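Asker: Following the hints, position chain B against chain D.
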Amino acid sequence: MNIECSVEKLKRAAQTGERMTGKNLTLPILSSLLLVASGKSLKVRATNLSLGIEVEIPAKVTTEGVLAVRGDTLSQFLSSLDGNQMITLKEVGDTLSLATKESRATIKTFPYEDFPTIPVVDGESFKLPLEKFVSAVKAVSYSGSTSDIKPEIASVYLYTDSSDLVAVATDSFRLAEKRVRISNVPDISGIIVPNKNINEIIRSLDGMSGELSVVFTKNQISFSFDDTYITSRLIDGVFPDYKQIIPKTKTTSVVVLRSELQGALKAATVFTDKFNQITFTVDVARKHFSINAKNTDIGEHTTDIPAALSGEDVTVSLNERYVIDCFQSITADSISIDFLGNSKPVIFKGISDQTFTYLAMPMNR
Amino acid sequence: MLITFGKFSTLTETYYNALTMINTDTASVWNTCLKEIELEVSKANFSTWFRHTSLVKEDAGIITVGVPNEFVRDWLLNKYNKLITKVLLNALENNVRGVEYVIVKHDMKPKTDENGGLSMMSTPSRELPLADLYINKEDNLNPRYTFDSFIVGPFNELGYAAAQAIIARPGQSYNPFFIYGNTGLGKTHLIQAIGNTIKIKHPAKKVHYITLEKFAMDYINAVHNNKANTFKEKYRKYDVLIIDDIQFISKMEKTQEELFHLFNAFYENGKQIVFSSDKHPNYITGLEARLHSRFSQGMIVDISEPDFESRVAILRAKAANHQNFITPEIISAIAESVEGNIRELEGSLNSVVCHAELKGRVPSIADVKNLLKNNVRPKKNVSVAEVVKIVAGFYSIEENLIYDKTRRKEIVKARQMIMYILREMFNVSYPLIGQKLGGKDHTTVIHSCEKIKNDLKHDPTIVSELEQLKIMFK
Numbered sequence: 001m002n003i004e005c006s007v008e009k010l011k012r013a014a015q016t017g018e019r020m021t022g023k024n025l026t027l028p029i030l031s032s033l034l035l036v037a038s039g040k041s042l043k044v045r046a047t048n049l050s051l052g053i054e055v056e057i058p059a060k061v062t063t064e065g066v067l068a069v070r071g072d073t074l075s076q077f078l079s080s081l082d083g084n085q086m087i088t089l090k091e092v093g094d095t096l097s098l099a100t101k102e103s104r105a106t107i108k109t110f111p112y113e114d115f116p117t118i119p120v121v122d123g124e125s126f127k128l129p130l131e132k133f134v135s136a137v138k139a140v141s142y143s144g145s146t147s148d149i150k151p152e153i154a155s156v157y158l159y160t161d162s163s164d165l166v167a168v169a170t171d172s173f174r175l176a177e178k179r180v181r182i183s184n185v186p187d188i189s190g191i192i193v194p195n196k197n198i199n200e201i202i203r204s205l206d207g208m209s210g211e212l213s214v215v216f217t218k219n220q221i222s223f224s225f226d227d228t229y230i231t232s233r234l235i236d237g238v239f240p241d242y243k244q245i246i247p248k249t250k251t252t253s254v255v256v257l258r259s260e261l262q263g264a265l266k267a268a269t270v271f272t273d274k275f276n277q278i279t280f281t282v283d284v285a286r287k288h289f290s291i292n293a294k295n296t297d298i299g300e301h302t303t304d305i306p307a308a309l310s311g312e313d314v315t316v317s318l319n320e321r322y323v324i325d326c327f328q329s330i331t332a333d334s335i336s337i338d339f340l341g342n343s344k345p346v347i348f349k350g351i352s353d354q355t356f357t358y359l360a361m362p363m364n365r
Numbered sequence: 366m367l368i369t370f371g372k373f374s375t376l377t378e379t380y381y382n383a384l385t386m387i388n389t390d391t392a393s394v395w396n397t398c399l400k401e402i403e404l405e406v407s408k409a410n411f412s413t414w415f416r417h418t419s420l421v422k423e424d425a426g427i428i429t430v431g432v433p434n435e436f437v438r439d440w441l442l443n444k445y446n447k448l449i450t451k452v453l454l455n456a457l458e459n460n461v462r463g464v465e466y467v468i469v470k471h472d473m474k475p476k477t478d479e480n481g482g483l484s485m486m487s488t489p490s491r492e493l494p495l496a497d498l499y500i501n502k503e504d505n506l507n508p509r510y511t512f513d514s515f516i517v518g519p520f521n522e523l524g525y526a527a528a529q530a531i532i533a534r535p536g537q538s539y540n541p542f543f544i545y546g547n548t549g550l551g552k553t554h555l556i557q558a559i560g561n562t563i564k565i566k567h568p569a570k571k572v573h574y575i576t577l578e579k580f581a582m583d584y585i586n587a588v589h590n591n592k593a594n595t596f597k598e599k600y601r602k603y604d605v606l607i608i609d610d611i612q613f614i615s616k617m618e619k620t621q622e623e624l625f626h627l628f629n630a631f632y633e634n635g636k637q638i639v640f641s642s643d644k645h646p647n648y649i650t651g652l653e654a655r656l657h658s659r660f661s662q663g664m665i666v667d668i669s670e671p672d673f674e675s676r677v678a679i680l681r682a683k684a685a686n687h688q689n690f691i692t693p694e695i696i697s698a699i700a701e702s703v704e705g706n707i708r709e710l711e712g713s714l715n716s717v718v719c720h721a722e723l724k725g726r727v728p729s730i731a732d733v734k735n736l737l738k739n740n741v742r743p744k745k746n747v748s749v750a751e752v753v754k755i756v757a758g759f760y761s762i763e764e765n766l767i768y769d770k771t772r773r774k775e776i777v778k779a780r781q782m783i784m785y786i787l788r789e790m791f792n793v794s795y796p797l798i799g800q801k802l803g804g805k806d807h808t809t810v811i812h813s814c815e816k817i818k819n820d821l822k823h824d825p826t827i828v829s830e831l832e833q834l835k836i837m838f839k
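Keeping their order, the protein sequence lines are chains D and B. Per my numbering, the first sequence runs over residues 1 to 365. Per my numbering, the second sequence runs over residues 366 to 839.
Next up, chain D with everything else stripped away, as it sits in the complex (with noise of 0.2 angstroms):
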């Protein structure tokens, strides 16, 4: 192989494809990135047999060729430097040497036989704006499970409801769901792609803008965009109904400043305990919207929010962390709460955003 390309693309690719190397120790190729030279570009591929990713950049390409070498040590050289000039990229004996105009490097590959091939998926197929779908599983992936003892729910939930993309995720103690409106979907009855999984996804799509073809069967969906494809395998299982425990009916409905509660939580979470518990009272009568935590060790601490406040007088401990998460979906100035009566859940939604929906369960003790 002998090829040149430019430093900046290529240092993505790598830094990209590093991310998405096997780092486990059963099968060591894994861990490294397959550089396939031909035609007038270089494909940058790596998989961890759950995620793949080819990423295609342009090049001059001298002599064809194949190598792997390790991926850390490919992206972290690269990132060290400039971006603006271009590199080669020689095959010498076992391994590749990298010139630029000031650093010389070589680094050693191994045998790409065992490489696996990435899979290409052959199924249904439509495409929509890149920036809706990245914006749909950031704001609900962070919901997600971390455990996989349910792979089911350490996951996000893609499905179509007439014109709108959904994406939704829980952890069984909160639940987020965000719609978005597409057009000229097919029909998607619900797909299961694990948290791990989109998230890498996602971080490497994010900034970037066009268009999203996105490829899918019942166990593996795939992402092309631009130069870059990105292959997952999907969770055959059935994601928990969970339109069933989105209560329709509201005992009390509060609409406070989006700052001015998150001005309140900050302060709370000085005085929680190692639950995180804080406690939401509402006093409609007397016109109060409060806050209140309390660690028997530290002290006790209460915030009166201002509030425009209905229905009926209520109180509900939740947990501080949940709350404070749901702020990233919510670009709002104001945020709508509402709940559903003493120690049941509670319902966060920007207000005139009826596409974001936070639910929190309440805490028992």
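Among the hints, erroneous ones may be present.
No farther apart than 35 angstroms at their CA atoms in a straight line, the calculated lysine-lysine pairs in the DSBU-like style are these [what the hints assert, rightly or not]:
id	chain 1	residue 1	chain 2	residue 2
1	D	Lys196	D	Lys127
2	B	Lys470	D	Lys150
3	D	Lys294	D	Lys218
4	B	Lys564	B	Lys619
5	D	Lys43	B	Lys447
6	B	Lys447	D	Lys108
7	B	Lys754	B	Lys770
8	D	Lys150	B	Lys579
9	D	Lys127	B	Lys444
10	D	Lys250	B	Lys564
11	B	Lys592	D	Lys344
12	D	Lys250	B	Lys571
The set of hints was computed from the structure by calculation and includes no laboratory data. Keep in mind that this is a model prediction, so the values were computed, not measured.
Answerer: Chain B alone, transformed into the frame defined by chain D:
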């Protein structure tokens, strides 16, 4: 608190059907194939690509191999197809026309046991009930306990009637309502049903159910956090308070005091209080006199053990969901062999149902009897010496004095009581009683029994002593 979802069915019918087609033969074929492949490829490759594979089916020479995901499928197809075909040809004596790969869910792979055969896969046939999750967090009541599922028999009709009166006019008819009886006779069911029904009939009334243990914990926490006042307010705002297992209050002095004040507040405002206990208030040790008298102020009702007919009725109601397996004969067999405790009755029924479901047929009466042998508590057999020991202990006198010829008043009384108990509760013959208690004549025994019988008519202390002793023999 967890979000709980009603259904978590993960098994896809098709896979299950496909998997059941495998016989031990093909599974062991694949095991030998794997052993051969293991020799051909490196260890790393084997464990990455072959460890989670299985043979799904063999159909007219087309072998289907199950793999965990698409990466593995592609790789086996591209790289190892030849090898796999070769070893399969060897193993199946050229009976192979092609190999296909399908993705099988990870946990769906047939597990092989030590002998290389397929072990039975356990599939949950039915959703398990999540009873605990249905408890209403506000009033702690379990909606499952209603009067619809409450069987009324002679053993509990008084309690039932009183409960109905309370529901009609909470706080006015019988306040407090104190119900006692042995464990597993339906006290909790009855008092929770009172709460649930009051909730429906008088929606404005705030009902709260709590076990004494929780009440005490709540009190301790309140004191610990300097919130004794909030504790008082919290309980005073309810209209109906139901406290279960009140007997545990013995020795909790401060909790007793708090309960005393709470009781007064409730009683004065005409709010209903319901208690349950496993003993009559007289026998709750360490109960302060002022609480004791207050417990006795309203209505004290006991629930005794169900008679045979009631047991049959209870079993019939409980077996309503399993009618395929449980015949009336089985029900009467269970009712005959299990006496007393309703919980044990239910346990025995459950084990019969479980047995029947496992076997998939209606069990015979012999089967049922056999099963129940392990479940049923043997009937208590008390020896004379034991009765003597318990009664002597009760009156705090030395055991051997009973057998002596002494005529000291307190010993005579204990001795007569022993005779009466042996005769009335255990049906021992007069001569035998006399013989066992130091060679007394049977007429002495008859006289003793008559004397106690007479005393019982006008001496309340003897009555209460006998009551207490009876409990000790249960």
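Asker: Decide, hint by hint, whether the structure agrees.
Answerer: Against the structure, the hints:
1. D:Lys196 to D:Lys127: holds, 23 angstroms
2. B:Lys470 to D:Lys150: holds, 14 angstroms
3. D:Lys294 to D:Lys218: The hint is violated at about 49 angstroms.
4. B:Lys564 to B:Lys619: holds, 31 angstroms
5. D:Lys43 to B:Lys447: The hint holds at about 28 angstroms.
6. B:Lys447 to D:Lys108: holds, 31 angstroms
7. B:Lys754 to B:Lys770: holds, 17 angstroms
8. D:Lys150 to B:Lys579: holds, 33 angstroms
9. D:Lys127 to B:Lys444: Given that 35 angstroms is the threshold and the Cα spacing comes to 33 angstroms, the pair holds.
10. D:Lys250 to B:Lys564: Status holds; Cα separation ~21 angstroms.
11. B:Lys592 to D:Lys344: Holds, at about 24 angstroms.
12. D:Lys250 to B:Lys571: holds, 20 angstroms
Of the hints listed earlier, the one the structure fails to meet is number 3.
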